[in-house]
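Take the two lone chains and join them into the complex the hints point to.
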Amino acid sequence: MAPETPPPEPGLYLYAIAGGGEEVSLGPIGLEGKLVFTVPYRGLGAVVHCGSAGLYPSPGEEVVAGWVLAHHRVVEVAWGRWGVVLPAAFGLIVKGEGESPEKNLLNWLERDYEKLFSRIEQVRGKAEYGVQVFWEPQVMAQELLNSGPLLSLQQEIQATSPGAAYLLREKLKGVLERELEAQARRSFQQLYALIKPCAAEVKIEKLKKSEGGRPMLLNLSCLVDQGKEGELGGVLEGIQGRQGFGVRFTGPFPPYSFANPG
Amino acid sequence: MTPPVRVLPLEEKELKQGVLGLVLALVEIIRDVLRHQALRRVEGGSLSPEEVERLGWALQELDRAIEEIKEELGVGEAVRSVREGLDGVVEGLLSGMVKDGS
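Chains as they are written, first to last, in my numbering: chain A, 1 to 262; chain B, 263 to 364.
To be clear, the hints were calculated from the coordinates, so they are not data collected in a lab. None of the values given here were measured: they were computed from a predicted structure. The beta carbon of each residue, even a glycine, is placed where N, CA and C say it ideally should be. Please note that the accuracy of each hint is not assured.
[As the list claims (entries may be wrong)] Computed Cβ-Cβ distance ranges for the label pairs, DEER-style:
# : chain 1 : residue 1 : chain 2 : residue 2 : range
1 : A       : K203      : B       : Q279      : 29 to 35 Å
2 : A       : K228      : B       : G358      : 43 to 49 Å
3 : A       : E181      : B       : E273      : 39 to 45 Å
4 : A       : G21       : B       : E353      : 48 to 54 Å
5 : A       : Q158      : B       : G354      : 38 to 44 Å
6 : B       : L348      : A       : L180      : 21 to 27 Å
7 : A       : G66       : B       : S343      : 35 to 41 Å
8 : A       : L194      : B       : D294      : 35 to 41 Å
9 : A       : G96       : B       : G354      : 38 to 44 Å
[Said to hold, decoys possible] Here are the simulated EDC-like pairs of lysine to aspartate or glutamate, each with C-alpha atoms no more than 16 Å apart in a straight line:
#  : chain 1 : residue 1 : chain 2 : residue 2
10 : A       : K173      : B       : E305
11 : A       : K173      : B       : D294
12 : A       : K171      : B       : D294
13 : B       : K275      : B       : E315
14 : A       : K196      : A       : E156
15 : A       : K95       : A       : E9
16 : B       : K275      : B       : E334
17 : A       : K173      : A       : E143
18 : A       : K171      : B       : E315
19 : A       : K171      : B       : E334
20 : A       : K103      : A       : E9
21 : A       : K196      : A       : E231
22 : A       : K173      : A       : E201
23 : A       : K171      : A       : E156
24 : B       : K278      : B       : E315
[What the hints assert, rightly or not] Some chain A residues well away from chain B (every beta-carbon gap over 12 Å; in silico):
#  : residue
25 : G33
26 : R42
27 : G51
28 : A53
29 : S58
30 : W67
31 : V68
32 : L69
33 : L92
34 : A193
35 : E201
36 : M216
37 : V235
Just chain B, with the same shape it has in the complex (with noise of 0.2 Å):
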C-alpha cells in the first residue's frame, strides 16, 4: 500500500495567507474602532493629558505592530483585498436598507 501523496502543497500555502489576511484585516477594523472611540473621548474632553498621550502612543505602537506582522507574513495585499470586500458587502447591504425605507 502507498503512503498518501500531499496534493497541491502551494494550495495550502495560499490558504494559511487567506486566513491570515482575514485575521489581520479584523485586527486593522478593531483598530480603527478603538481609534474612532478613542478620538471621541479626546474630543470629549473626559480625558487628562497624561491619558490622551497614553492613548496616543499605545495606538502608534499598534499600528506599527500590524504593519511589521503585515509585512513578515507578506499579507498586505491579501488585508487590502479582504477590507476592500468587507466594504462592498456594506455598501450593498446599507443600500439594500435604503431601499426598504428603513
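Isolated chain A, as found in the complex (with noise of 0.2 Å):
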C-alpha cells in the first residue's frame, strides 16, 4: 500500500464489525473513494479501508462532512447486506504499533471475540431510533395557572392593593417556576415509563437546544426490535396528540448508540 501524505504508518479505517465472516470487497464506496473490504474473524468481519494512520490534516468542514457521509453510507451497505453490525465511531483507526494494522485489528477482534460475538447476537434483528419530545411551556404554565393554589394565589393579586399585588405577583411567578420544573420532571417520568416497555434498550442522551421556542424534554435513543417499531410509534402518536407536547421520531438507524460491547 502506498503511503499517504504525511503520516506515512499505514492504518485500517474502521466502520463497523459486521455479523458475516467471509472475506469481501464492497467497492470503492468509503471515506475519499476508497477501496472498502472486510477482515473476517470467526463468524464477524471488520469493515475497513486500507489508509494512513491519521486523517489528512486539517480538512474543511465540507470535507469532513463528506467523509461522515461515506461513514454512514458504507455502515448501511454493511447492515443491509449482513443484516446485523456493530458500528464504530466516525474517525476509528486501527494502527501499526509494532505490527501490521491487520495483525493489530485481528489480535484485538481475538481479545474481544466474547463480548463482540455476544454484542452483535444482542442487537440483530434490531435497530435504532431516536425520539426527542419537546414541550411547549407556556401550555403547560396556563394549566398550572387554572389549578388550585396558583388559581387563587391570582384572585388574592386581583383583590388586593396595587403594591401588594406587585409583590404578590412576583411570588406567583416563583411559585409557578418551581411547578413547572416539577411538572417537566414528572412528564420525562411518565413519557419514558411509556416509551421503555416497547423497545428492547433505550439510551437517555443530553437534551439538545431547543428549536423553534420548544424546549426538548426528553431525548432518547431506542434500540427495537424489527417488527415492534409500530408499537414505539403507536405511543408516540399518543404523546404527540396530548396539549403542549411535539415528538420528533426518526429511524431506523443501525444500532450506533448500543454497538458498544461495555
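Here's what the structure looks like:
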C-alpha cells in the first residue's frame, strides 16, 4: 500500500464489525472513494479501508461532512448485506504499533471476541430509533395557573391593593417556576415509562437546544425489535396528540448508540 | 504642529454603552435582591398591610424607572448580555465548588 500524505504510517479505517465471516470487497464506497473490504475472524467481519494512520491534516468542514456521510453509507451497506452490524464511531483507525494494522486488528478481534459476538447477537434483528419530545411551557403554565393553589393566588392578586399585588405577582412567578420544573420532571418520568416497554434497550441522551421556541424535554435512543416499531410509533402518536407536546421520531438506523460491548 | 486627531469616535460611544449596560445590570441585580428580601419579609408576616403596600409600590416604581432608563439610553441589549455573562460566571463558580466537595 503506497503511503498517503504524512504521516506515512499505514492504518486500517474501521467502519463497523459485521455479523458475517467472509472476506469480501464492498467496492470503492469508502471515504475519498477508498476500497472497502472485510477482515474476517470467526464469523465476524471488520469492515475497513486501507489508509494512513491519521486522517488528512486540517480538512475543511465540508470535507469532513463528506467523510461522515461516506462513513454512514458504508455502515448502511454492511447492515443491509449482513443484517447485523456494530457500527464504529467516525474516525476510528487501527494502527500498526509494531505489527501490521491487520495483525493488530485481528489481535483485538481475538481478545474481545466473546464480547463482540455476544453484542452482535443482542442487536441482531433490531434497529435504532431516535425519540425526542418537545414541550410548550406556556401551555403547561396555563394549565397550572388554572388549578388550585395558583388560581387562588391569582384571585388574591386581583382583590388586593396595587403595591401588595406587585409583591404577590412576584411570589406567583416563583411558585409557577417551581411547579413547571416539577411538572417537567413528572412528564419526563411518565413519558419514559410509556416508551421503555416498546424497546429492548433505551439510552437517555443529553437534551439538545430548543428548536422553534419549544424546549426539548426528552431525548432517547431506542433499540427496537424489527416489527415492534409500530408499537413505539403508536405510543408516540398518543404523546404527539397531547396538548403542549411535540414528538420527533427518527430511524431506523444501524445501532450506533448500542454498539459498545461495554 | 498638527492638533491630535480624535480616532474612532464610534469606539467611545460603544465604550459608554458598555459601561452604562454594566451599571444598569448591577442596578437590576440589586433590585432583584431587594425584591427577594421584601417577599421574605412579607411572607414572614412582620409587616403591616400599609408597609406591604408601600414596599410593593416602591419596587414597582423602581421597575418602571429602570425600564425607562434602559429605553432612553438604548442599553436593553447590553444589560441582557451582561446579566447572561454574569450568570455564566456564577454557574462556573458553583460547579467548581461542588466539584471540590465543599
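- request: Report the numbers of all earlier hints that the structure fails to satisfy, in ascending order.
  value: 1, 13, 14, 19, 22 and 24
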